[in-house]
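From first to last, the protein sequence lines are chains A and B.
Residues 273 to 690 (the working numbering) are what the first sequence spells out, left to right.
Residues 2 to 480 (the working numbering) are what the second sequence spells out, left to right.
Think of the hints as simulated: they come from the structure by calculation, not from any bench.
Incorrect hints may have been included.
A few chain A residues that don't get close to chain B, going by computed Cβ distances all over 12 Å [to be verified]:
(1) W284
(2) V451
(3) L452
(4) G478
(5) L484
(6) E580
(7) R654
(8) D675
(9) P683
When the alpha-carbon atoms are kept at most 25 Å apart in a straight line, the in silico DSS-like pairs for lysine-lysine are as follows [to be verified]:
(10) K424(B) with K562(A)
(11) K414(B) with K294(B)
(12) K671(A) with K681(A)
(13) K671(A) with K338(A)
(14) K236(B) with K290(A)
(15) K294(B) with K411(B)
(16) K313(B) with K411(B)
(17) K338(A) with K294(B)
(18) K304(B) with K294(B)
(19) K414(B) with K338(A)
(20) K661(A) with K671(A)
(21) K661(A) with K562(A)
(22) K414(B) with K562(A)
(23) K308(B) with K414(B)
(24) K424(B) with K411(B)
Quick reminder that beta carbons are idealized off the backbone N, C-alpha and C, glycines included.
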Amino acid sequence: MTLGTHFTRELWFLWRDKTAVFALIGLCALSVFSAVNGLDKMASQRSAIAAMVDADAADRQTAQSKVRSFGDAGYYSFYITYDPPSPLAFAAFGQRTTAPYMKRVRLLALEGQIYQGDSPNPLLAHVGSLDLAFIAAFAMPLVLIVLLHDLKSSETAGGRLTLLQSLPGTTAHFWAARVLWRSVLAFASVALPFTVAAAVSGAAMGTVLSALLAIAATAALWAAVSVLAAQLSWPSSTIAASLVGLWLALNVLVPVGAHMAVMSGVHGPDGSDVALLQREAVNDAWDIPKEDTLGPFAALYPQFTIDEELNSFDWRWYFAFQTMGDVTASDLSNAYRQATRQRDNLLASARWLSPGLALQRHLEHLAKTDLRAQLAYDSAIRAYHDALKAFFFPLIFGKAPFDPAALAKYPAYEPPQS
Amino acid sequence: MSQILSIARAELIYMRRSRLTLIAAGVFALCLCFAALTSAMLFSVEQTHRQAHQSEADAIFASQPDRHPHRMVHYGQYVFRSPAPLAAIDPGLDAYGGTTVFLEGHRQNAPMFAGAAEGKAPPRFGQLTPAFVLQVLAPLLIILAGFSLITRERESGTLSAAMAQGVSLRTLALGKSLVLGLLIAACLLPVAALGILKVARGEETAVIAATVCAAYGGYLLIWALMTVSVSMLVKRGATALLALSALWLASTVLAPRLAGDVAAQIAPLKTAFERDLSLQVALNSLGDSHDPKDPIYGPFRQKILAKYGVSKVEDLPVNYRGLLAQEGERRSGEVLARFNREDMDARLEQQRWVESARYLSPMVATQSASQSLVGTDLRSYHRFLAAAEEHRMAFVQTLNGLHATELDYKLDKMRSVDVEAAKATRVASDTWANLPQFSFTQAPSSERLAAAIPQLVVISLWCGVLMAVFFWSSRQPAP
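Could you build all of it, start to finish, from the sequences and the hints given here?
Rendered as structure tokens:
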């Protein structure tokens, strides 16, 4: 028999194997659902951003129509920042289900604003989502186990193994056809919906290929493990139980254990430490002599040195102490983000032991929905706040009379590089 | 009865000889004990940590110098959400909700610093806690220990032999199920131990601890009945294992997530930004309570003047600015309360959609019951937000009251231009320590029990249905 006939015949065998067909159809249905759901979710995030960019401009215009000085304008104008989903975000939601993707900032101390934002329903964040990353990393391996664990034992049980082995030269082809068909179909059940959705979403070829390669590698790994286990002369239920046990250990217990290690192993300042410190710095400024604020501020911004005696309230002093509030908190704020990054890095090291975690993290990395991307958004907000200061300070500290037209030249927000 | 017991004894002896079951049970026991221990340690650290933050924030607030009360309104307070005493058993939403809220006058800030945003996000399957072990892993252990209870006898031909000796299939199944019952009892031990510890320390009531154990007991019973039923209904052990694994996957892994996705689709939330814009419009229409001349507060001024029988605010025996601040806060508080109710209703609507999956998945019912009982569900989170808002109003309005009764109106009016007036319009610093204190306590156990009852009913329903399936499957097969 030629290899070709093995392949066509094996497809027929597969079709007759109700369990296999059921598992494959189930996997495919889940993938299609999660691709459609993911595309829809990201589309609604995009349209929410677009709607809010317009609403933000209108809101700012209303606020600015009432202001009578650049200082007022700095205080009352909010500016939107946002983190648009990448084309591949539909496949791996990552931090996008828990972290805000839109935040408005104004010229006040940033540390008092940046931690606030859209708070999604914690319940939905807790129950989680069926994104494609989840299906590929955790469900696909289980389907492969179902399809391949009784490779040999089903033939033994069916009494055909001896017959098969007695036919010279064909056994290798027979097994190859069986393993290949089943692995490829399991892979395709996830990969096809993913590829179609990625094309619809306009993802770059390189990232799609990288994702497909990673999914294929995961499929190959679990196919190989299942085939190896199927060689054992154990009852097929023992083989299946052992494989499910392995899946559980690698894909569930390793990440869960690593999380526990991260929780108890990484210590850094809490977010509230940063917020409290910043508030103290900003509030104390009202009680201390203005020179104590303006001196260090002038050291930082020599071009905005103030020589004259100030009245009881002056916007220049106000924004100077807001800025110094951020400066006071900046070391702690950096340490806070450093601890966040460190936790993520430590968790990342667990991927060497967990193929599921590795695939999930790789897809989140490609989709730019990982913690690194969340921190990149954080940096984009910080950069934009700096740009706002660079725009407003010359107006507020300058001698030019108030001119509403000048406010129109505000800096454009740059979303994180994607 | 004695027949059932001797079957159970024989099965126990068999299991002790089966290496796979022993290894699985060992690994599981290790997981469960490790989860109970580390989770208990981690959450007790977390609790002291958050309580320390709260006392630190309170101490800083109390140590503020003599100040104008309205400055303290803007200075604000931080409040912290302490984890529930039994959060170590089931942390629920703890990692996903903000742990801190900054409270100040005129506005309501969003909760900040959810653990999930700090690199502490639990992995996709949950975190290593007794709840995770019991909800996700224990069913697998039961499946592993029980899938072949009957199929093994059938495949080896001993089933018909036993039946020929007059042992009915039902007796056999009951005897073997007894062994799974022992397994369930063993699974519940660490949770019961944690519960007893918390009850002994007076941190939790016995009713809650017992109901949590009962809920998990019922949940595992569902899995045991399902496992033995499937083992009776199918011919081959491998088929039973496959079918049960598929049921496990669908119930514990897929169903809750699918329900979450569906809930988000059917009942989407407004973005916070969208909400804030309409909130701002509503708040702007209330006028500016810092400005005694704001025409929106004209009728209020007239009412106050009439009440005291004077014609000018200067002649009032109290400081009109303080009264105005109080009135403004009251009005904005009403608007905020309306928006809060809408937010909470929208989230609860999503919760209802998620919970509707409890008829498809006993895990959803159990998870929900466990979180409601322990106090880590959405309702408890809302309770914290409501307590924070109540505290915000209490301390801000107390300060506004001091503003009205302790400060002279004319001096108060001059305070931003006259240094002496500014000095004369301060309240002594020892006042700050005597303002209302924030204390967030869990809902009383009766309330949590009431919230869990619909889920407990569903768990019982599942048990009932599966018992019926069990008895139906164990009817004598045709010879």
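Next item on the list: Hint by hint, work out which the structure violates, then give me just those numbers in ascending order.
Entry: Hint check: nothing fails, all pass.
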